[in-house]
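A.B. asks: Please construct the entire structure, taking both the sequences and the accompanying hints into account.
2 protein chains.
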Amino acid sequence: MFLVLRDCHGLVQVIIPQDESAASVKKILCEAPLESVVRISGAVISRPPGQENPKMPTGEIEIKVKTAELLNSCKKLPFEIKDFVKKTEALRLQYRYLDLRSVQMQYNLRLRSQMVMKMREYLCNLHGFVDVETPTLFKRTPGGAREFLVPSREPGKFYSLPQSPQQFKQLLMVGGLDRYFQVARCYRDEGSRPDRQPEFTQIDIEMSFVDQTGIQSLIEGLLQYSWPSDRDPVVIPFPSMTFAEALATYGTDKPDTRFGMKIIDISDVFRNTKSEFLQDALRKPQGTVKAMCVREGAKYLKRKDIESIRKCATDHFNQEVLPVFLKANSNWNSPAAKFIVEEQRLELTRIMETREEDMVLLTAGEHKKACSLLGKLRLECAHLLEGRGVVLRDPTCFSFLWVVDFPLFLPKEGNPRELESAHHPFTAPHPSDGHLLYTAPEKVRSQHYDLVLNGNEIGGGSIRIHDAELQGYILSTLLKEDATLLSHLLQALDYGAPPHGGIALGLDRLMCLVTGAPSIRDVIAFPKSFQGRDLMSNVPDSVPSEELKPYHIQVSWPTDSEAEKRKESFTPSRKLRVLSSVLHQC
Amino acid sequence: MFLVLRDCHGLVQVIIPQDESAASVKKILCEAPLESVVRISGAVISRPPGQENPKMPTGEIEIKVKTAELLNSCKKLPFEIKDFVKKTEALRLQYRYLDLRSVQMQYNLRLRSQMVMKMREYLCNLHGFVDVETPTLFKRTPGGAREFLVPSREPGKFYSLPQSPQQFKQLLMVGGLDRYFQVARCYRDEGSRPDRQPEFTQIDIEMSFVDQTGIQSLIEGLLQYSWPSDRDPVVIPFPSMTFAEALATYGTDKPDTRFGMKIIDISDVFRNTKSEFLQDALRKPQGTVKAMCVREGAKYLKRKDIESIRKCATDHFNQEVLPVFLKANSNWNSPAAKFIVEEQRLELTRIMETREEDMVLLTAGEHKKACSLLGKLRLECAHLLEGRGVVLRDPTCFSFLWVVDFPLFLPKEGNPRELESAHHPFTAPHPSDGHLLYTAPEKVRSQHYDLVLNGNEIGGGSIRIHDAELQGYILSTLLKEDATLLSHLLQALDYGAPPHGGIALGLDRLMCLVTGAPSIRDVIAFPKSFQGRDLMSNVPDSVPSEELKPYHIQVSWPTDSEAEKRKESFTPSRKLRVLSSVLHQC
Chain A
1408 MFLVLRDCHG LVQVIIPQDE SAASVKKILC EAPLESVVRI SGAVISRPPG
1458 QENPKMPTGE IEIKVKTAEL LNSCKKLPFE IKDFVKKTEA LRLQYRYLDL
1508 RSVQMQYNLR LRSQMVMKMR EYLCNLHGFV DVETPTLFKR TPGGAREFLV
1558 PSREPGKFYS LPQSPQQFKQ LLMVGGLDRY FQVARCYRDE GSRPDRQPEF
1608 TQIDIEMSFV DQTGIQSLIE GLLQYSWPSD RDPVVIPFPS MTFAEALATY
1658 GTDKPDTRFG MKIIDISDVF RNTKSEFLQD ALRKPQGTVK AMCVREGAKY
1708 LKRKDIESIR KCATDHFNQE VLPVFLKANS NWNSPAAKFI VEEQRLELTR
1758 IMETREEDMV LLTAGEHKKA CSLLGKLRLE CAHLLEGRGV VLRDPTCFSF
1808 LWVVDFPLFL PKEGNPRELE SAHHPFTAPH PSDGHLLYTA PEKVRSQHYD
1858 LVLNGNEIGG GSIRIHDAEL QGYILSTLLK EDATLLSHLL QALDYGAPPH
1908 GGIALGLDRL MCLVTGAPSI RDVIAFPKSF QGRDLMSNVP DSVPSEELKP
1958 YHIQVSWPTD SEAEKRKESF TPSRKLRVLS SVLHQC
Chain B
1408 MFLVLRDCHG LVQVIIPQDE SAASVKKILC EAPLESVVRI SGAVISRPPG
1458 QENPKMPTGE IEIKVKTAEL LNSCKKLPFE IKDFVKKTEA LRLQYRYLDL
1508 RSVQMQYNLR LRSQMVMKMR EYLCNLHGFV DVETPTLFKR TPGGAREFLV
1558 PSREPGKFYS LPQSPQQFKQ LLMVGGLDRY FQVARCYRDE GSRPDRQPEF
1608 TQIDIEMSFV DQTGIQSLIE GLLQYSWPSD RDPVVIPFPS MTFAEALATY
1658 GTDKPDTRFG MKIIDISDVF RNTKSEFLQD ALRKPQGTVK AMCVREGAKY
1708 LKRKDIESIR KCATDHFNQE VLPVFLKANS NWNSPAAKFI VEEQRLELTR
1758 IMETREEDMV LLTAGEHKKA CSLLGKLRLE CAHLLEGRGV VLRDPTCFSF
1808 LWVVDFPLFL PKEGNPRELE SAHHPFTAPH PSDGHLLYTA PEKVRSQHYD
1858 LVLNGNEIGG GSIRIHDAEL QGYILSTLLK EDATLLSHLL QALDYGAPPH
1908 GGIALGLDRL MCLVTGAPSI RDVIAFPKSF QGRDLMSNVP DSVPSEELKP
1958 YHIQVSWPTD SEAEKRKESF TPSRKLRVLS SVLHQC
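These protein sequence lines map, in sequence, to chains A and B. Position 381 of the first sequence, counting from 1, maps to 1788 under this note's numbering, and the rest follow consecutively. Position 335 of the second sequence, counting from 1, maps to 1742 under this note's numbering, and the rest follow consecutively.
No false leads were mixed into what you were given.
No copy labels: a pair is met if it fits in one copy or bridges any two.
DMTMM-like, lysine to aspartate or glutamate: derived pairs with alpha carbons at most 25 Å apart:
1. Lys1850 / Asp1672
2. Lys1525 / Asp1538
3. Lys1734 / Asp1672
4. Lys1564 / Glu1597
5. Lys1482 / Asp1874
6. Lys1564 / Asp1948
7. Lys1956 / Glu1561
8. Lys1493 / Asp1901
9. Lys1887 / Asp1901
10. Lys1887 / Glu1953
11. Lys1564 / Glu1496
Read the hints as simulated data drawn from the structure, not as lab findings.
C.D. replies: Here it is, written out as structure tokens:
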């Protein structure tokens, strides 16, 4: 008779002797329900020859039990604690304390702790950073994404839970804490969005007397130092790409550079085309013809794949995409074939290095739109090909990339003649573009940089404005924001603020990629569901109106029709989308 | 011509050459206002013989400047950045980013970062603890102290900002994360209380399969390991004292053991007294006569000191205290002298080891009340004596003490026939007292322990209840709490929860004692004022009613009379006071 005992270090096999003297031990252990907590003592012995289990770290030994004590019994489980047992996420979240016992969750949370510890060693012990805690009961930021409110005991006065310690980290630079970091809890109320959490964690860093390269090498060293030792080491420096290049080549500001399938501008091939459709497209401002070669696409992609690709293009981009199949007979099988003459076909074959069995996706339109479309389809095709067994992206490969030279401003949604910050209003303009601020601000590039890993934005930062006058000009004149909400920061810059810059890494997303977890909820001990609910404790919850009184608030219950409307109308604001770099997602 | 340059490492003297070639450098540096940011290059040279400054780490060298650049200019300061310049705290908080430049604030924040880093090394690297982040958007706890509310987008539903990760740390133990720690942000809405912050930080620890001694040695090792190397090393183990002993000897549950002046029970001396006053006191339940000898009190304390001591006793304890002055003529000069016969006087002299020039404080009454009174007066006298130049408490001395065996329950305020938890409802009863739970619960001691440093509670913890049935009995039957708010925790205990226990150290208070700062606001980068306000950014702040709409709340503006009443009526609840261990403070 044997049983398997588990603790946080792993499993061990326990043998119950069959003699009479062990009767009470046997009774205790046999009657203890699965997942009960027992304390045993006994002798560690070798397993009998032939019964060793080489797959188990403790597979060569077993424990011959002498005493046993039932410390706590376990009632009937809602699911078995085995990784191969499938359970719905709702059930896992409801019984999170049981789900945490799984090998995978134990691994994820322990690795997260270890990796953050290595980051702290790197920053604090090796690079002289100071870990400073900043408040989370703060002031709302002007024009920012939605912030949770916290009613105070002063009637009509509220704190806000900040989305990041942005203002505090800059104020620390003014205060002479020249190298700041914090593993910072941040809050963002985005309503119901998959794979987002109302509270999340970022590795938050700010330095004085630093430039873009300085921050970048620091982060490269940080990731290399803290990377799990059982993975391929991180190779530094990371490659870098401008925003313009990323958009033109990958159709996104967060390219997945683990595979090629780049977007190619083939406008020149069609300069003298007789096709009116293409001529029309090329005549428009920033009109282009773009293509992307999907290797072996003609071989692997099915009719329904192509249909879904074309549907995605029209649904989300209101744009046509034309597939071209390069069949063995070297004929181009395509609705586009009729307006591609032989000379153009040869030129395209040369530029795009197409081969038999490839598929080309072709589109015409405004540069950014055409790129975004192909960028989206690039990921879609990769996904489809992988579904057909083609190896495109090595799961053990970690492909880091810096994306730089973002625009400083974007046209404001709803009023495109006004500007809004592409990232946030404290980002410094690119030194070469400073003069354009007063003549053509929409052309100014910023000193913002994003860190991308395998097609996911895992960090972003910038060199900040340290000149109060310039900051005031951008806030009031260009962005037309209410600068009074930031008067303390503007004033601080006036008292000898050093040049400074920083970055924030999204820890949840990073851990999700490092562990290969399917969702960020798998690297967080007690995550909220899609709807921002804690399913274990039923949160958020009603509060007796007595408890609202000290905060001078009352609930405004929506009418039935309002409640219905509310459900339908929630779409994330433009700024939210920009901040989250989901610009090109559909 | 010279100037002094400051960076985060310290100061250095810069010499400006007087020759023509340095004219532009000279202009830049001479015109830069105080506290401006400059970048200089130059040669490091020895100071001329006789001009070295041995008090300055860089006092042997200076920099002969070659180039200079003004990176940012500083406008007129509201106060000079010099530690000796006195400024009001309101001004310091308003310009916190300037105040942070002071030597003292730089030291406090950097030491805090270093000490926390050492604690992390100890827990994470040396003792296998896992750093787990727990949510701060959570559920309100039943009957707890006041918690901030966070309105959600679901009408009438709220999150609460938890006062500690108590429930999560226990759930992690159920989840098999057997050694948890977190530098946890906690929230407590205590309205306006001096030296408290609405958000604060605790070193939060929980372990499975541990007893009280296990947690205590862990914490002793933790403090020894992380203690600043320029202080006297921490001596372990720390002494331990029961709650009953602490109350009887020091009149408080957080004795300052840096000095003696203990409370002595002199009831036996007066068993056969003829004084009716004393007889009355001794006849009452738990009636006692107590005394405390203030060394050299007769020499140093003035008439007005004694008056203030007696006033404190009557004002806050509604109790008489009688001073006895031991003058050189060995006569007892006291209002108590008339009822102390010679034999009693000799006995008292022997028990209390009184000497000439001492003062004895004498009181009679119920044990706890008499002790609390003398405990308060003990600190008062120490303060007064130190004000007269007597050295009682060595400022470099750190006197740690464990206080153990607290009562599990206290009589409920307002309804003393019911019980409430002395600490929190998850505290396990003392193993020797388990049987009393069902017969005389008010007599049950708990497995709670407090860590006291120099008379301040810097930590507290307990072995927890891991049995769902016992937890349910205590919550529902004994405490009559709404257990549905904790159903998830009760359920979790039923699924094989291991025996577990933990502790939390108050980091702000600890750093305050380590740095010798006068207030916890001096070890926090951006603290709130007494009233919970951020004076720099003017928080909490009004919010446009439009921004309240998504959260389905509106402000209930108080009428003028309500507003007036509110100001007067706020007194912290009994539970608050118990939780904060200010039981005996007046």
